[in-house]
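Chemist: All chains should be built: construct the whole structure from the sequences, respecting the hints.
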Amino acid sequence: MNGPLIVQSDKTLLLEVDHELAGAARRAIAPFAELERAPEHIHTYRITPLGLWNARAAGHDAEQVVDALVEFSRYPVPHALLVDVAETMARYGRLTLSKHPVHGLVLTSTDRPVLEEILRSKRITPLVGARLDPDTVAVHPSERGQIKQTLLKLGWPAEDLAGYVDGEAHAIDLVEDGWALRPYQQQAVEGFWHGGSGVVVLPCGAGKTLVGAGAMAMAKATTLILVTNTVSARQWKHELVKRTSLTEEEIGEYSGTRKEIRPVTIATYQVLTTKRKGVYPHLELFDSRDWGLILYDEVHLLPAPVFKFTADLQARRRLGLTATLVREDGRESDVFSLIGPKRFDAPWKEIEAQGYIAPADCVEVRVNLTDSERLAYATAETEEKYRYCATTATKRKVTEALVRKHRGEQTLVIGQYIDQLDELGEHLDAPVIKGETSNAQREKLFNAFREGEISVLVVSKVANFSIDLPEATVAIQVSGTFGSRQEEAQRLGRVLRPKADGHEARFYSVVARDTIDQDFAAHRQRFLAEQGYAYRIMDADELLASD
Amino acid sequence: MPDPSTAEPSTAQARTAEARATAATAPRSLAEALRARDDVALAALLHARPDLLTPVPGDVTQLATRAGTRASVVRALDRLDRFALQTAEALAVAPDPCPYPVLESLLAGDTGSSGEDNGARAALPRALGTLRDQALVWGDDDRLRLVRTARELLSPSPARPSPTGLGPTVAEATSGMSPTRVQEIVATAGLPATHDPVSAVSALTALFTDPERMSALLDQAPAEAHQVLGRLVWGPPYGEVTPDPTPPVRWLRDRGLLLPASARTVVLPREVALYLRGGLAHRVTEPVAPPVRLHREHRPQLVDANAAGQALAALSTVEELVKSWEHTGPPVLRAGGLSVRDLKRTAATLDTTEQSAAFWAELAYAAGLVAGDAEADERYAPTPAFDGWLELPPAERWSALVRAWLPATRTAGLVGEQDSKGRTLSALGPELDRSAAAEVRHRVLGLLAELPEGGSPEPDALLARLAWERPPRGTSDLRARLARWTLTEAEVLGVTGRGALSAFGRALLEGRDPAPVLAPQLPEPVDHVLLQADLTAVAPGPLRRPLGDTLAVLAEVESKGGATVYRFTPGSVRRALDAGHTAVDLHAFLAEHSRTPVPQPLSYLIDDVARRHGHLRVGAASSYLRCDDDGMLNEILADKRSAGLGLRRLAPTVLAAQAEPGALLDGLRAMGYAPAAESRTGDVLVARADAHRSPARSAPAPVPDGPPVPDATLLGAAVRAIRAGDLAATAVRKDPAATPSGGSGPGDLPRTSAAETLATVQAAALTGSAVWIGYVNAEGAASQRVIAPVRVEGGFVTGYDHTADEVRTFALHRITGVAELAEDQV
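Protein chains in written order, with our numbering: chain A, 1 to 547; chain Y, 1 to 826.
If you're looking for bench data, these hints aren't it; they were derived computationally from the structure.
Quantities reported herein were computed from a predicted structural model and do not represent experimental measurements.
Glycine residues also receive a C-beta, built at the ideal position from the N, C-alpha and C atoms.
You may find that some hints are simply not true.
Calculated from the model, a selection of chain Y residues having no Cβ within reach of chain A, i.e. all distances over 12 Å [unchecked claim]:
1) 149
2) 177
3) 286
To be clear about the criterion: a stretch of chain Y counts as covered by chain A if any three or more of its residues have a C-beta under 8 Å from a C-beta of chain A, and this derived list gives those stretches [stated by the list, open to error]:
4) 307-314
5) 556-567
6) 589-603
Taking lysine-lysine and the BS3-like style, the derived pairs with C-alpha atoms no more than 25 Å apart in a straight line are [stated by the list, open to error]:
7) A:275 / A:259
8) A:122 / A:308
9) A:397 / A:385
10) Y:421 / Y:344
11) Y:323 / A:11
12) Y:323 / Y:344
13) A:259 / A:444
14) Y:344 / A:11
15) A:11 / Y:560
Modeler: Have a look at this one:
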């Protein structure tokens, strides 16, 4: 017994990556365990009920899970854990949602006491109709999502066999001229299509748009694409025209400025969640066509109201795309129940190793504040403390030194506070892109940056969302949204796209020492370190000295 | 009890004669039967029924008597397996004495009546042997006798139905009946009439025990009568009837097939029931122990590996539990035990359920690793034995735990339930001992050991087997629950793995030391960790002890199991620095024990924390001394007299002192300095005497500094006094006793006898003249005075003292002598 896997009593699995069987073990446990941390030597997976149900939904059974654990485990697997795995997995599928020829949507149980138990729940009662027979109860078709969500919370996830509507057919094909879907993208598309609905997790820069395009080519139906903002919408449109048989005319944009509904419509979360007089006027978009596929870009940012609409869309195929299932609001289970289980997942490092994303050198630069800054920080109001230490003049100087050091390389300076960015823009003599910058101006600047006409760009948190800056090799973040991990992932993603010259990307975080800035940075970086992107820590003084 | 034997009287007599003839072989009493046993058999009896040994019986008669006592018999019956008990029950409803074939047909059915034989016939000798060994049955096979007490306990009565479901015999049931009624029954049953009730009853009995005639009789019975019999045949044999019974009941009653038991009930006589049952005493006999079926068969290696993993987990759980009580253990409840809240807290610490936390606590307690500390405010704390236990190798630590567990009678499973008085049973508390626990535990493991290696049993089959071996009495299922707990506990302890007995579990059961068997199964402790850039360290196995302990200080444990995941945080690194490690130590420690290069962020973290560690210093001082002139402070520090003040330099111009501010001020003043006290805000404090108040007091009288101006009277008196003093000093006294030898000079005290003194003084008082006296006051000081006595009474002289110029009283006995003054001097 000398396997690569150590099964811990807290249901984490430690995988020794350098072990010769590590690859086989990884493949065996990937269907049911969530990769939690992937630092250099030992990767941590976690067995969660959600993960086990994901595996059940994908057709794995408890026996396979137990066998995988026992086969690769170095030490005996705690018996209690095996029992727990079997019990948890047995909970899935006792309830099924299906279509009844006469009664429409029905909830059926193979285990009557379970049905009795859930029907007694106050949260279920309003969602179900008449009891058709001891094992079957009618469900209001409009509550298909709601009941799935609620059942999951009650610990009895329902298997949704009610199927999908095909939607309005529309010819879409990939035009693979001189490029092809990468193997993992192909796997992701197939994984999704086989499962019907679900989420594909790929690192930033790994080509999620193409996975979306691949799925559309599979569905060959009208598609509604939900994205985070207008820039991202334009990029989707651009990419789709380039990669598929779709023409400009077939793709509509539904945003604050334009309200086009075409066979393929790209809408922003923002416009959908606009509320007027207590109602969401753009909700009808979902019903405006008989959509065959709904694509959610950046699922981890999906705003709460969109969840609510999604609950009503359970009869349509849904594909979620994201770099991380981590949600700062902890609503991962809603993603599972409403969009679908995770269908594909690949560690960043693995895709990096295949050469599809650029390796990155992450450096945290610790800045010593001056005495007067420290005093000011000490006396600042609690809610002002972060802003103060994140925007100190010393940090600005260090940032300038970094930009100088990487003169000639495409550099992004990313920050949270507009004043700070304006000031930096002024000192660096670089354009600033922020919320108020018009979309036309943004695209112009992005183009100029892409073409290499300008080499330094200062951006606010608009950069958190899908903008595509292929040639950024250096990113410097000066401030962020407190300890947001997914923001960190997004920002790192800015520099992870493969460089033409194979140049290593650099990602700097400028952090004020001994302040709350340092604590937040530690929190953000932990996520990256867990993705295998270890930070080096450097003193600003060294940097300035070498400057 | 009349002998209900079916044997012909002549045969019985013949047997008695035969018994007498062969008295040596056919015992007449239990005592005789026991006496005839050899020593081995007697030893076996005493082994099976150890209660007979206390106190050691004087002789076999005493032994037999004691073996027949109710308490001892009940105890022995309780310990019988199901078939032996059924055999005893059958004997209790059989004639006494009972020949072997009769007993056999009671248990296996009438010969040839039913083809199926479930093994009762084959198993009977064993069961009978058990009963004989236990001295519950004695006598030869043709005269088997159940000990009388056992017969009383097991034979049916209306109050206590027998498990056989049989009723009384015809003879018993008719004993209170009028002879006329018996005659009627005999007549209706078609038997020849007889006037003798005894022969009538035996005729009826003979009818009921004759299958052919019974069959003929019952053929005539109406169909409903068969239904009635069918309801009563397997018991309970009693049925209620109305005063005017239905025709089928009446038909049966008239023929004695039902006999009245009371005004409203009838009973099915035993002989009739036995006929209807085909001679069986029990509906279901279980002559053979139900087999413990295999649930699954695992590879023995897998079982041992799993159990070893579990054993390791058990060790760390116990260690964690006891260590969590190391500093402030949970208080001992007044009634003993852990409070529910503390149990919850412990469960949270161990990340387990309360039930399992109770088990671990009980285990640690049973192994002597924790106990109450016997302080006034009693708390649970690790015992000194715990430290010794920690030092042992893992396998021996495990051995210590399971060897405490196996024979323990404390049952953690009961924790949280309520006792008969409604009090909740608390972990480590009283009332948790169940004497059956140890025995059930042994037996469960014993049954597991009988399975093929690596086999795990079906729990229900195992429980059924246990129930067969010791049939449960009444409604209590304690033994079944104990067995279930044993299975769970054995699994979490690693005595079993995947439900099958492990090799070291087997060693434990067989009384061997399990440690050597377990040791090779335990993962070799590792001496290295893997350090990662996300500031974690993974120990891919159990760590060697000093390494693990140091790491536990330096990093937080994040995940436990086969491996341990540690996370370095600023707080944990600081803790290590606080514990006396230096940054250099820590770097060296990590470099030495890491298989992989130390990640840069981790080195940075250590240096960064070390940089700030101890940057701020905190200490205690009672007062401080500051002075802008550091030279003066140097001077004070150098001064030997300042040694007692506990001065220490904190900064050039500041000294800290251990002395209180007041003492410091006094000390400095004594050294000749002029220090000023400072208030909390740094102002100079003006010294004021302590504004202390006495209790309420009246003001003192004034003390004038000079004498007041004397008035004329005073002056006069003064003069007189002077004169008097003068007089006293210079008086020429008449020699009182005219003692020429008196020789007393003018300065000597006058000496006179007491009577003379009194007379002289009295005379002086009468005449108002003055006398000269010598006087010794209370302090013993002698003086000479001139007084003018005024009154003499009660031993005192009151008079004007010319010397003091006031009226005074003098004690007569203190007057040494008295002399009249010369006339001319006054």
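Chemist: Does each hint fit the structure? Answer for all of them.
Modeler: Here is how each hint holds up against the structure:
Interface exclusion of residue 149 of chain Y from chain A stands, the closest Cβ pair being 48 Å apart, more than 12 Å. Interface exclusion of residue 177 of chain Y from chain A stands, the closest Cβ pair being 57 Å apart, more than 12 Å. Residue-level check passed: residue 286 of chain Y sits 33 Å from the nearest beta carbon of chain A, beyond 12 Å. Remark: the region 307-314 of chain Y is confirmed as covered by chain A, as 5 of its residues place a Cβ nearer than 8 Å to a Cβ of that chain, reaching the required three.
By the rule of at least three residues with a Cβ nearer than 8 Å to a Cβ of chain A, the coverage given for the region 556-567 of chain Y holds, with 6 such residues. Residues of the region 589-603 of chain Y lying with their CB closer than 8 Å to a CB of chain A number 4, which satisfies the three-residue condition for coverage. With a C-alpha separation of about 16 Å, the suggested pairing of residue 275 of chain A with residue 259 of chain A holds against the 25 Å cut-off. Between the alpha carbons of residue 122 of chain A and residue 308 of chain A the distance comes to roughly 19 Å, so the proposed pair stays at or under 25 Å and holds.
Between residue 397 of chain A and residue 385 of chain A the alpha-carbon distance is near 20 Å, which keeps this suggested pair within the 25 Å criterion. Under the criterion of a C-alpha separation no larger than 25 Å, the hint pairing residue 421 of chain Y with residue 344 of chain Y is consistent with the structure, at around 24 Å. For a cut-off of 25 Å, the pair hint linking residue 323 of chain Y to residue 11 of chain A stands: about 24 Å separates their Cα positions. This hinted pair checks out: residue 323 of chain Y and residue 344 of chain Y have alpha carbons roughly 16 Å apart, not beyond 25 Å.
As the CA atoms of residue 259 of chain A and residue 444 of chain A are separated by approximately 23 Å, the hinted pair is consistent with the 25 Å bound. Pair hint residue 344 of chain Y plus residue 11 of chain A holds up; C-alpha atoms about 22 Å apart against a cutoff of 25 Å. Of the supplied pair hints, the one linking residue 11 of chain A and residue 560 of chain Y holds, its CA atoms being roughly 10 Å apart against a limit of 25 Å.
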